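Protein sequences, first through last, are from chains A and B. With the numbering used here applied, the first sequence covers 1 to 286. With the numbering used here applied, the second sequence covers 287 to 561.
What the hints contain is simulated information worked out from the structure, not anything from laboratory work. Among the clues, some could well be false.
Unchecked claim - Once the Cα atoms are required to be at most 25 angstroms apart in a straight line, the calculated DSS-like pairs of lysine-lysine come out as:
| no. | chain 1 | residue 1 | chain 2 | residue 2 |
| --- | --- | --- | --- | --- |
| 1 | A | K191 | A | K119 |
| 2 | B | K441 | A | K79 |
| 3 | B | K470 | A | K78 |
| 4 | B | K492 | A | K138 |
| 5 | A | K78 | B | K389 |
| 6 | A | K21 | B | K470 |
| 7 | A | K109 | B | K492 |
| 8 | A | K162 | B | K473 |
| 9 | A | K127 | A | K109 |
The model shown is predicted, which means the values in this text are computed figures rather than measured ones.
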Amino acid sequence: MPIEIRNVSYTYSPGTPFEIKALDNIELTIEDNSFVAIIGQTGSGKSTLIQHFNGLIVPTQGVVEVNGISTQDKKDRKKVRSQVGIVFQYPEHQLFEETVFLDIAFGPKNMGYSDEEVKQLVENAMKAVDLDLALLEKSPFDLSGGQMRRVAMAGVLAMSPKMLILDEPTAGLDPITRNKVLNLIKELRDKQSITIVIVTHDMTEVAHFADRVVVLNNGQIVLDGIPKDVFGETKALKSIGLDVPPLTALFTSLVNKGWNVPSVVLTLEEAAKAIKDELGVGKNVD
Amino acid sequence: MNWGWVKMLTNINFGQFIPGDSFVHKLDPRTKILLTILYIVILFSARGVFAYGVIALFSLFIILSAKTGVRNVLRSVKPLIIIIFLTVVLHTLFNKEGALLLKLGPLTIHEGGLYFGLMMASRLILLITFTSILTLTTSPIALTDGIENLLKPFKRIGLPAHELAMMMTIALRFIPTLLTEAQKIMKAQQSRGADFESGNILERAKALLPLLVPLFISAFRRADELAMAMEARCYRGGEGRTRMKILKMSGLDIIAFGTMSMVGVLIVYMRVQGI
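The shape of chain B in the complex, shown without the other chains (with noise of 0.2 angstroms):
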């Protein structure tokens, strides 16, 4: 294990809102968030390159006009690239549908192969960036907002969704918290003489040790100090609190609905013909 990872999770800040004024930061969160499911309904039931296409096409619509920067939603994509380039060596090599194309001693590279591996990448490239303009435009708050409101009607049969929602709130908050607190102490120990570096996977595992548990003891502390600041501000679930600010459906999260909504009969449309 490479200690990059670290300095990556900090320097890229995955998902990381981007505040603007884009139609698409307008959105009702719970609107974003019910259509970003509804695109990947669309995104598994699209069949055949032309129904790809739409959806690319569309995607990409969404995407420039977010004005987030393509740069910030194309990172969201790099965490992933080992995965996506495993799926079409992986599907090219090893599916032997259709023609034979190319033979290289004892691998074969079959027509089918080639086009379900290419397609697999697509459809993963197009989910990763279509729901990173989730998280790009969308505040952390704004969000657990919208799923604390979506998980209302399951609180009868007993869901805890304000207690969920608050939880999610707490984690993402305290993700780069608990990320500067491991560089911190990764320094402290490397002053010390602690190598993260390099010897083999036991040896790695075991220079761990130093980083988890302050680490540990950090969450737990704060974890601690945050429950007793909570209550010392008489908090005491989600009962009877109300909010600063109402979420609100507006025109234009018709609209959106409308046109995802097009955009799905377009796609079921082409399967049924067999575009």
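Here chain A stands alone, though its shape is the one from the complex (with noise of 0.2 angstroms):
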């Protein structure tokens, strides 16, 4: 179920003296079952952006298209918004129902399940992000921040979404959450095969978790492809204030020295291996 986005353009109050142009031609398709990270400064367009996948924004000029659907047309919204969910910035403080489980419940409710199977669905969604099923009759006031996120994150998850997008899904948490939160995400795309699109500041996120990345600027696209490639631009990325992650710039500054090991590199595994193999601590072992 892939998002077609083609030729799109949104200028925010057109015809006024507070007119933005927030995107500026995007062309972007996002295939089934990556795991895409946009990125760019504070006002690049990435909520704008997202908020297009849905249908929450139409654009001003090209089309958007969910699974062959545009989200031109009223009619098909709702259908939209059932396949593609959206968790927005600081979920937990959308969270409005007397207990868990009838906030989580809002969202298949209104895409007209029954009883029975909204039942069901509130619990794989709890399961899914790992929050024990005896708090379905608290209220979602009294649990903890990160508890909190994730019934939030549930509660877009229990209409059973083909593609989840998360705005800044870590923002605000501490280390072990924050963890917790994004092995979930990408354990929903590899055992639901749900397409992920994440928006982050985090760039050591990016690289362990992304498959692809996509570079915001001005309203337009200025990089996109593996983090492998999109990292090696380090001259690109700090030009419009992004930065690499630690251990590419690490390993940059390491190869201006002489060293001999790889530019980019996105984990730490690979990383001690090729400091290891330059220092040639493997073989002296033997």
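Put the complex together from the two separate chains, hints included.
Take a look at the structure:
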């Protein structure tokens, strides 16, 4: 179920003094079962772009098609929204029901599932975000921050979307909860083959999880490719106010100091191996 | 209820301050507040087409010299168009004074009714456009400063002038923030299939809950954070606080008071003479 974005531009408050062109001629296809990271500075158009994915925003120019359905038509939007779930920044701020169960059930109920199906969907969503089913009858406002965020994510997952868009899902979380949330997202892709699009500022997250990186600047796509290639463009990234992951930075400076190692390394294991090889540690031991 | 109003408020920003350096901008906020009140008194004591003509010309002169753009001034009338329209229609149809002008079945239109309807409409339009000049040319901070200053004399009878002004400043400051927040929550709930636009009144009222509950929670959270931040900076009310900008009347303010008084005298004179 690919999302196709063809020639899309979007302008906020056109025809007024507050006119802002947020997206400029975007061409992007998001393939099934991919894990795409969208990065860019604040104001580069990331949030505007992801709101196009489920028809919250309709392009001023161009076409957005989800599985062949255009988001232009109002009647199709509910269908599109059941297939493309968006988890916004600080999603715990949207909780409103008396119990966790009712809050998670809000989405599937709106989609017209029967009570029996809703119950099943809610329980599946709770399991997917690794929450104890005993929490279902509690008030969402009595939970910890990390639990609240996972309940909010479950609220989107319960609609069983084929694609999940997450806007900075780890903002404001402690390192342990943050890893937990990221691994949950990865599992959704690996086990349930849900396509993931993630907006983030954390380059280490991108390097670890994404298999494709899209870099936005001033409403235009400036780089698009696998993490290794994109992070190789250190100069281009720095010129638009972005940074490379710390490991990549380390290896770039090693290369500059004359070491014979690859300049882009994404994981610690790769890094350890590259350094060992260069120092010849493995050979001497034998 | 249509959700257009949330969009409308964020787009229009009713009475939003537009910086500039016209003489209206340069007036002391206290002068502008007092003159706006005086203007309302004058407007309501005016009788007759000519008196309204004088006030309309005067208003037009002030609006043009404030250089905030006529469009912005007219925009302030937009939310009240229905009320103005109803005023004209109701007066025209139900006020049976004066000669009969038109008869359409059971509906009759009398001269007096039409006259009163149009007078009331112009009174409302003049009122809104002129008062919008106050908020268009005065920053919210200057405005509350002015109000606080004007309310000072009432402190002796126990009126908490500073606290009132501070509350107004905070309320004004948070209107755009809460509107943005409301839009954000609406989008999040729409992504979960919430429908704010269809259904009967009861269903729509129910559909509001997923928006209002998070909005209230966030408003309380913000209030809590703000109170903490203010306390951390040792805020303890108005006692002994000095100001960065000290309000000062100038020659310009005296001229403004003089001009407005002259208009007032003229209107009263016209009323007495029955012009």
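Which of the listed hints are not met by the structure?
2, 5
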